[in-house]
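**Q** Residues per chain, in single letters:
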Amino acid sequence: MTLNVVEIPTNVVRHLDLYRQDWDNFVAAQASNGVATNPVNEFRNVGWREFERVGFPIHRRGNELWKYTDLRGIDRAEFRSGSRSKTFDRNELAAKIPLPSEWQNLVFVDGRLDRSHSDSVGQQAGVRFDSVSSFADLGKLAQCADNAFVSLNSAFLDDGIFVDVDAGGFANKPIHLVFVTTEFDDGHRAVYPRVAASIGSGAEAMLIETHVSISDAAHLSAPVVEISLADDASLKHYRAQLDNENSYHFATTRVKQSSGSNYQSSSFSIGCSIGRNDVFTHLAGEHAVSTLHGVYLTTNRQHQDNEISTTHLAPHCTSDQYYKGILSGRSRAVFSGKITVERGAQKTDASQKDLNLLLSHGAEVDTKPSLEIYADDVKCGHGATAGYVDEDTLFYLQSRGVDYDTAQAMLIRGFAAEIISEFGDDTLREFLENQLDELMPVLQIASDTIGTA
Amino acid sequence: MLKIENLHAVVTDSEEEILKGIDLEVNPGEVHAIMGPNGSGKSTLANVLMGKPSYSVTDGDITVDGDSIVELMPDARAHLGMFLAMQYPSEVPGVRPWQFLKAAKDAIDVANGQSKMSVRAFSRLFDEKVTESGINPDLIKRSLNEGFSGGEKKRNEMLQMQVLAPRIAIMDETDSGLDIDALQAVADGVNKMRSPDRSFVIVTHYQRLLHYVKPDVVHILVNGKIVETGGAMLAEKIEATGYRDYLAVR
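Protein chains in written order, with our numbering: chain A, -5 to 447; chain Z, 200 to 449.
No wet-lab data here; the hints were simulated from the structure. Computed from a prediction, not measured in an experiment: that's the story for all the values here. It cannot be assumed that every hint is accurate.
[What the hints assert, rightly or not] Which residues of chain Z face chain A? A partial, calculated answer using Cβ under 8 Å:
1) 249
2) 252
3) 291
4) 293
5) 303
6) 431
7) 435
Every residue, glycine too, gets a C-beta built ideally from N, C-alpha and C.
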């Protein structure tokens, strides 16, 4: 018998070893707590086996999904999950993000629901909060196959939350899911938040998802959100990614829409060192509407990757992808938008747009539209631009008496306003406008383009 | 008030000389018309006066009240009371006219050692000028100039001029592309603003606007130089004969 010697790149071994050890500890801890049940255990095993098979997507050659995002180095940093979280005061959190009493605030600390920081639940008629394992489609919308981060998240499935809105229900309070990552004394923390939402037929809800760090310590966050909308259900899903600039954030959102449902997603990404916002909606029933909008702001050496995908499976559906980027310093961004129109999805009306404002010559954006259309009676439009601040416009504003910095800030704010104005909650919108204003000096100091076209 | 001496200016990128030695003096209360054929440098002169970065002054001087403004940024010129109504005003997404004009008014007031107007007082001023300028009040709730027709953009320029009340108002072909009603509205705006301490420099190809706004002085600009200066009669002569006499002797 001959032995086939397969050469395994050392970095693959390295990060697998680290995460295997972490996972073994996690599984052992779960078992000793007596919370390990068979279906969940099997779910974790599937996740772990897939992660072990695929590893982190470090090798980009031939990997279209990670073509423009370089993760080398992520395997060398030791990110580990750990049960002990740093304690913090609610005021400390409230200084960073809004927690208004008009919202149902649920605060997750390092992926686990923290009741002391959360509003008490159960007062909303027609809305139930449950364990993610009660979600019928768990793992079916966000599948592990070939996806390192969904696999890791599934392997470390712990607490999370299932938001269940009854048919015909109306969630009168916005449901605010706050994911706080704390410092880890013993290295860098890895967190795997998990969210499932089921919006019953004809029901309406607003889900606000906020990701924030409580310190400047580096961490790895790999949240997975699975959403299912029944017939004529409507969900407004707002997402604010504010993790600290030393962190990695790889978010996966998977949505399945039935007939007549309306999913409206607006994303605001401002944080982390390398971030990825991976959204995929399936339009499975006729006359469903999917709106995937977002704005990303990057400075210094930040990298923000948007992987936005819509698949039309049924006829008469409308989808709209619209992302805007503002880039400064030596930052990079990626917009990879995909629209697939399957055979039979006639009368599809799909559009895709990615517009970028470059504030410095060192900033770079890769924008990659991809349309796969297998039906013949469809409307499908797309466009992408990247440009510097327009010199004539700056002159126009300055000629009225406002100085260069103020004029540039007005143009930056104006550029982002189109997306920010869509966040349909006054408190949230004002908060995001303030976040942009706070970032403005950082964006502007790294700006070196005076409107060169 | 505004004095231009031997002004030479080039396109910053190409160094192509557009203005080739211009002398001009505008006294308080005067309305000057700058007329000339296409490509003579009229618009360049208007933009150079306001400090547009795509042009560079290579020789000569521009002074306001005796002080050179050539080195000043456009905003600093606005603080001195200068204003340029643009030929092609930019569309500015996400910037609302009210907020923009309030910021501009505040910047000018603060630079002149005055306190900022209260929101209430400014709103009153703004609403009054909106009515006066005849601009569609629904339009100005939108983003600045976005989706405005050519005529609406010009009316919006006049609105800004009326709100900011400059001492030296430069109008760059504000009359071009306007129908007769809009032209009349622009003329009314200018005539209402005429006062002993406010001057106008009206750049125009045609004398249409000058039927309604009587200039004190008319200059003919050809190939970057003023070739003739006269009274309002000069504009009427141009109407009859065009610019060909000047172009022939060039």
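**Q** Indicate, hint by hint, whether the structure satisfies it.
**A** Against the structure, the hints:
For residue 249(Z), the suggested interface contact is upheld, since its CB lies about 5 Å from the closest CB of chain A, less than 8 Å. The interface hint given for residue 252(Z) is met, as the beta carbon of that residue sits about 7 Å from the closest beta carbon of chain A, less than 8 Å. For residue 291(Z), the suggested interface contact is upheld, since its CB lies about 6 Å from the closest CB of chain A, less than 8 Å. Hint status for residue 293(Z) relative to chain A: holds, with the closest Cβ pair at about 3 Å, below 8 Å.
Satisfaction of the interface hint for residue 303(Z) is found here, the shortest Cβ-Cβ separation to chain A being roughly 4 Å, below the 8 Å cut-off. Here the hint on residue 431(Z) is broken, as its CB sits about 28 Å from the closest CB of chain A, past 8 Å. Hint status for residue 435(Z) relative to chain A: violated, with the closest Cβ pair at about 32 Å, above 8 Å.
When held up to the earlier numbered hints, the structure conflicts with 6, 7 and fits the remainder.
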